[in-house]
Amino acid sequence: MCSTMKTILKATLFEKTTKFLFFQRFPFATQTDLLDLFHPKEPVYDRELVINKKNSFKERELQKKEKKKDVIIKCNRPEFNHYKNQKYEKLKAIPLASKGWHHSKSNGDHFSIRIFNEDYNINDHFWEESVDNFNALKLDDLLIDALERLGFSRPTKIQADSIPVILSGKNTLIAAETGCGKTLAYLIPVIQQILKWKEKSPSDRSPNTPLAVVISPSRELAGQIGYAAKELSHHLPFSSHVLIGGRTKQKMLSPEFKNVDLLVATLGALSKLTTTGIYNMAEVRHLILDESDTLLDDSFNELLLRYLKRFKIRYTADHKNNKFGCQLILASATFPNKLDDLLSEFVEPGSLKKVTSKYLHRFLPHVPQSFYRLGPTEKATKILQLGKQALKNEEPTMIFSNKSSTSDWISLMLNENDVPTVHLNGEMPILLRKGRFNQFRNKKFLILSCTDIASRGMDTKHVKHVINYDFPMYMADYIHRCGRTGRCGSSHDCHVTNFISGKREVELVNKIELAVRTMDVLPDVNGNITKIIENRIIKNSSSK
Numbered sequence: 011m012c013s014t015m016k017t018i019l020k021a022t023l024f025e026k027t028t029k030f031l032f033f034q035r036f037p038f039a040t041q042t043d044l045l046d047l048f049h050p051k052e053p054v055y056d057r058e059l060v061i062n063k064k065n066s067f068k069e070r071e072l073q074k075k076e077k078k079k080d081v082i083i084k085c086n087r088p089e090f091n092h093y094k095n096q097k098y099e100k101l102k103a104i105p106l107a108s109k110g111w112h113h114s115k116s117n118g119d120h121f122s123i124r125i126f127n128e129d130y131n132i133n134d135h136f137w138e139e140s141v142d143n144f145n146a147l148k149l150d151d152l153l154i155d156a157l158e159r160l161g162f163s164r165p166t167k168i169q170a171d172s173i174p175v176i177l178s179g180k181n182t183l184i185a186a187e188t189g190c191g192k193t194l195a196y197l198i199p200v201i202q203q204i205l206k207w208k209e210k211s212p213s214d215r216s217p218n219t220p221l222a223v224v225i226s227p228s229r230e231l232a233g234q235i236g237y238a239a240k241e242l243s244h245h246l247p248f249s250s251h252v253l254i255g256g257r258t259k260q261k262m263l264s265p266e267f268k269n270v271d272l273l274v275a276t277l278g279a280l281s282k283l284t285t286t287g288i289y290n291m292a293e294v295r296h297l298i299l300d301e302s303d304t305l306l307d308d309s310f311n312e313l314l315l316r317y318l319k320r321f322k323i324r325y326t327a328d329h330k331n332n333k334f335g336c337q338l339i340l341a342s343a344t345f346p347n348k349l350d351d352l353l354s355e356f357v358e359p360g361s362l363k364k365v366t367s368k369y370l371h372r373f374l375p376h377v378p379q380s381f382y383r384l385g386p387t388e389k390a391t392k393i394l395q396l397g398k399q400a401l402k403n404e405e406p407t408m409i410f411s412n413k414s415s416t417s418d419w420i421s422l423m424l425n426e427n428d429v430p431t432v433h434l435n436g437e438m439p440i441l442l443r444k445g446r447f448n449q450f451r452n453k454k455f456l457i458l459s460c461t462d463i464a465s466r467g468m469d470t471k472h473v474k475h476v477i478n479y480d481f482p483m484y485m486a487d488y489i490h491r492c493g494r495t496g497r498c499g500s501s502h503d504c505h506v507t508n509f510i511s512g513k514r515e516v517e518l519v520n521k522i523e524l525a526v527r528t529m530d531v532l533p534d535v536n537g538n539i540t541k542i543i544e545n546r547i548i549k550n551s552s553s554k
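Here the numbering used here = 1-based position in the sequence shown + 10.
Hints in this document: simulated from the structure, not taken from any laboratory. Just so it is clear, CB atoms sit at the ideal spot from N, CA and C, and this is done for glycine as well. It is possible that some hints are incorrect.
Said to hold, decoys possible - Here are the simulated PhoX-like pairs of lysine-lysine, each with C-alpha atoms no more than 20 Å apart in a straight line: (1) K521 <-> K94; (2) K282 <-> K261; (3) K392 <-> K413; (4) K398 <-> K454; (5) K444 <-> K261; (6) K208 <-> K240; (7) K97 <-> K521; (8) K115 <-> K392; (9) K513 <-> K389; (10) K364 <-> K180; (11) K402 <-> K453; (12) K389 <-> K115; (13) K84 <-> K94; (14) K454 <-> K471; (15) K115 <-> K398; (16) K454 <-> K444; (17) K453 <-> K471; (18) K363 <-> K180; (19) K444 <-> K259; (20) K206 <-> K240; (21) K368 <-> K389.
To be verified - Using C-beta positions, here's what the derived DEER-type ranges look like: (22) L315 <-> S163: 36 to 42 Å; (23) K259 <-> I104: 55 to 61 Å; (24) E358 <-> E99: 43 to 49 Å; (25) W419 <-> L263: 55 to 61 Å; (26) N452 <-> K402: 17 to 23 Å; (27) E209 <-> N448: 34 to 40 Å; (28) W419 <-> P247: 46 to 52 Å.
Between the sequences and the hints, there should be enough to build the whole structure, so can you do that?
Structure below.
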């Protein structure tokens, strides 16, 4: 026998012997464990091998089957499963299924999270510990009758908590999970106050002089809020109007004057038409910033702060003096912990009464999610597969991308493969963009390919599936995107699918998985607001 053959036989015998000894010591080890041992260059996943000589392999398998019904995080590699009430040792690294996902060889790995089981009633999430009816909130009978005609007989938890605070006249921050009814939480008390202002104030108020203003970051959200207000105005003696961008110059040259009590507007259009004197803010008693965290980020921050200086925000409620100032109300699903620093320029510190939900900044417990580690070239095949599945199951689906060009391409690709899709992003011309979301909401199209422009505040209770084709860059965007499904009034079969590719995306998934395993809040919801504050500090220090 030649020396080469002897060497090969010796190496094979050594490997078999090593494998035998390895499995004798770790009888429950997987083939992946062995690969990690013999191929250290491959991604190494954090894991803790627990040796218990008293329990046999079969006994451990039975224990796993018993725990299966209580699994919270179900992983492709079962050793990373996380079970209900599972605790981890202090001072030891918590094993994460997504720990090694920065390595390309982890492609194909996946895990899913389901906190509440399939029998959980989705409505319990929003009405838990809520009052039984609107009568308990000291609302006028006329307003209660209007709500009942529109199908609202019982307030959600956040509505029951927010309405009394707003009626007391205090500046209010409503911070709660997506889809819990925040729009009505501020519209109901503001409309009641408008009705009272109209009784006290003279009837000769000038046209285009509203008593309340709602500012929205997008045209689509402004239209949706305006629709809710208009529905209530059909049954109550107040008027509402929606003011959005597009053809603003024409509105300046040929202004329209009408009596308006409640004005819903986008910031840009409102600022221009106020500056030109077409709209008068002198009589505003209530100022609402919907999706306030978006309005305070660097897209709107400078314009918003400059515009808000027109209003004298009240510090305390003063019902005796109607001209004391206007009440400030902020509403959002994410609450930056440095919000007071941003608001300090136009509102007294500590004047905001915070109304928050216990689910704020937490993983949605009633919506299961799947996380897939995919290479950039694999995502197209997967999205086509999911698109065809959504069409077959008649499942309304939103596909989120980080760039407008990507959302356009997804729509084009799906349509070419006989999957009818409509797309929506901020770079579309206003005439093309107008009505796109309504086509999706009215189910003319089952699939919407969009950017984050459709992630904030939109009423999407008919959506059953959210897909993050591009995983978001910020935790706040992740929260808002996932909140497009599993909303108040949604069906029980909602779910979210996430594609993970880049290094920064993996880092965000690590934080999400860790928060679920430790039953903690999702971290870093400030988005790019922190950068604004840091730049402001630098600017102020340099000017001294």
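Structure-based check of each hint:
1. K521 <-> K94: Holds. K521 to K94 sits at ~19 Å (cutoff 20 Å).
2. K282 <-> K261: holds (10 Å)
3. K392 <-> K413: Holds. K392 to K413 sits at ~19 Å (cutoff 20 Å).
4. K398 <-> K454: Judged against 20 Å, a Cα distance of about 16 Å means the pair holds.
5. K444 <-> K261: This hinted pair holds, its Cα atoms lying about 18 Å apart.
6. K208 <-> K240: holds (18 Å)
7. K97 <-> K521: holds (17 Å)
8. K115 <-> K392: holds (18 Å)
9. K513 <-> K389: holds (16 Å)
10. K364 <-> K180: holds (10 Å)
11. K402 <-> K453: Within the cut-off at roughly 14 Å; holds.
12. K389 <-> K115: Within the cut-off at roughly 16 Å; holds.
13. K84 <-> K94: holds (11 Å)
14. K454 <-> K471: With a Cα-Cα distance of about 16 Å, the restraint between K454 and K471 holds, given a limit of 20 Å.
15. K115 <-> K398: Cα-Cα ~28 Å, so violated.
16. K454 <-> K444: It holds: about 15 Å lies between the C-alpha atoms, which stays within 20 Å.
17. K453 <-> K471: holds (12 Å)
18. K363 <-> K180: holds (7 Å)
19. K444 <-> K259: Cα-Cα ~18 Å, so holds.
20. K206 <-> K240: holds (18 Å)
21. K368 <-> K389: Between K368 and K389 the Cα gap is close to 35 Å, so the pair fails against 20 Å, i.e. violated.
22. L315 <-> S163: 36 to 42 Å: Between L315 and S163, where Cβ atoms are some 40 Å apart, the hint holds.
23. K259 <-> I104: 55 to 61 Å: holds (57 Å)
24. E358 <-> E99: 43 to 49 Å: holds (46 Å)
25. W419 <-> L263: 55 to 61 Å: Given a distance of about 39 Å, which is not inside 55 to 61 Å, the answer is violated.
26. N452 <-> K402: 17 to 23 Å: This hint holds: roughly 21 Å between Cβ atoms.
27. E209 <-> N448: 34 to 40 Å: Hint holds: Cβ distance 36 Å, inside 34 to 40 Å.
28. W419 <-> P247: 46 to 52 Å: holds (50 Å)
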